[in-house]
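Asker: Turn these sequences into a full structure, and let the hints guide you.
Residues in the sequence shown are numbered from 193 upward in steps of one, following our numbering.
Please keep in mind that the hints were generated in silico from the structure rather than gathered at the bench.
Do not take every clue at face value.
Beta-carbon label-pair distances, calculated as ranges [unchecked claim]:
1) V310 to V251: 31 to 41 Å
2) D263 to Q227: 38 to 48 Å
3) D247 to D354: 25 to 35 Å
4) D319 to A249: 19 to 29 Å
5) A301 to A392: 29 to 39 Å
6) I419 to D354: 37 to 47 Å
Think of the CB as a built atom: it goes at the ideal place given N, C-alpha and C, for glycine as much as any other residue.
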Amino acid sequence: MAGHPEAMLVKYGGHALADPASLQTVVDALRRVRQRGARLVLVHGGGPAIGRLLDAAGVRSVFVGGHRKSDAETLRHVAMALRGEVNLDLVRRLNLAGLRAVGLSGVDAGMVRARRRVHRENGRETDLGQVGDVDRIDTRLLESLLAAGMLPVLAPLALGEDGLVYNDNADLFAGHLAAALKVDLFAVLTDVDGLRRDPADAATRIARLSVAESAALAGTTVRGGMIPKLESCRVALAGGVARACILDGTSPAGLDEALAGAAEHGTELLP
Numbered sequence: 193m194a195g196h197p198e199a200m201l202v203k204y205g206g207h208a209l210a211d212p213a214s215l216q217t218v219v220d221a222l223r224r225v226r227q228r229g230a231r232l233v234l235v236h237g238g239g240p241a242i243g244r245l246l247d248a249a250g251v252r253s254v255f256v257g258g259h260r261k262s263d264a265e266t267l268r269h270v271a272m273a274l275r276g277e278v279n280l281d282l283v284r285r286l287n288l289a290g291l292r293a294v295g296l297s298g299v300d301a302g303m304v305r306a307r308r309r310v311h312r313e314n315g316r317e318t319d320l321g322q323v324g325d326v327d328r329i330d331t332r333l334l335e336s337l338l339a340a341g342m343l344p345v346l347a348p349l350a351l352g353e354d355g356l357v358y359n360d361n362a363d364l365f366a367g368h369l370a371a372a373l374k375v376d377l378f379a380v381l382t383d384v385d386g387l388r389r390d391p392a393d394a395a396t397r398i399a400r401l402s403v404a405e406s407a408a409l410a411g412t413t414v415r416g417g418m419i420p421k422l423e424s425c426r427v428a429l430a431g432g433v434a435r436a437c438i439l440d441g442t443s444p445a446g447l448d449e450a451l452a453g454a455a456e457h458g459t460e461l462l463p
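Answerer: As structure tokens, then:
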């Protein structure tokens with residue numbers, strides 16, 4: 193990775209999002225990136241906040257294939273956590289740092305349209321309710337905000353053709369959005385320093401790997417929540433994004449260097 197990106201999309205989520213110190217690290221790094229003149233879009237997740245809100249409401253979470261089944265009641269709490277808690281707090285912090293952030297979801301202006309996801313396993317289909325996959329994206333609102341010097345901050349909610357709101361996987365939502373915007377850099381921030389051949393050993397970090405190599409790692413070296421992160425990078429690269437990487441959002445040095453174009457931290461996925 194070399195050179196400073198002119199436009200980037202950053203996806204931030206996981207447990208790092210719930211840690212105030214890590215969150216401030218990311219805000220400070222984004223401020224420094226903006227000071228170099230880069231245009232930024234931020235997509236966030238919110239799993240821990242969603243879980244807390246559902247627990248408080250006595251709504252049981254059911255996961256199928258890594259996705260939270262979402263009936264109308266569950267989706268109401270999911271949307272409340274994403275837009276009313278996580279998005280609002282991120283926008284507040286970013287604006288306090290002078291970043292002119294604007295809080296949005298994919299529902300705004302019909303920006304992101306979703307199709308209903310059906311989970312298929314062992315020949316059986318499971319309806320996940322209001323869980324969606326990105327179908328198409330209208331980037332005009334985001335392009336207008338970026339041209340005006342704003343920082344769009346998006347929750348991964350999308351509008352279905354049936355008029356319902358759908359909860360999309362935040363990593364894949366971000367990857368599709370990065371591809372639609374044709375950004376220079378797509379960065380997925382998590383709480384580990386990229387991919388590792390041995391998840392328990394930081395010394396086995398994989399600095400670079402190809403899309404073909406990454407596909408072979410699914411289910412072996414790459415497990416659980418890292419699978420959609422890797423897939424989001426593949427989606428972004430296939431859509432024309434110049435560079436994609438997975439970074440430790442809790443590390444100020446690693447985050448700064450990677451966002452500035454270095455390759456000393458995290459994992460870069462190559463076409």
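Asker: Now, for every hint given, state plainly whether the structure supports it.
Answerer: Here is what the structure says about each hint:
1. V310 to V251: 31 to 41 Å: Cβ of V310 to Cβ of V251: about 22 Å, so the range 31 to 41 Å is violated.
2. D263 to Q227: 38 to 48 Å: 45 Å, holds
3. D247 to D354: 25 to 35 Å: Holds, since D247 and D354 (Cβ atoms, about 29 Å apart) stay within the stated range.
4. D319 to A249: 19 to 29 Å: Cβ of D319 to Cβ of A249: about 22 Å, so the range 19 to 29 Å holds.
5. A301 to A392: 29 to 39 Å: 44 Å Cβ-Cβ, so the 29 to 39 Å window is violated.
6. I419 to D354: 37 to 47 Å: 28 Å, violated
Checked against the numbered hints listed earlier, the structure breaks hints 1, 5, 6; every other hint is satisfied.
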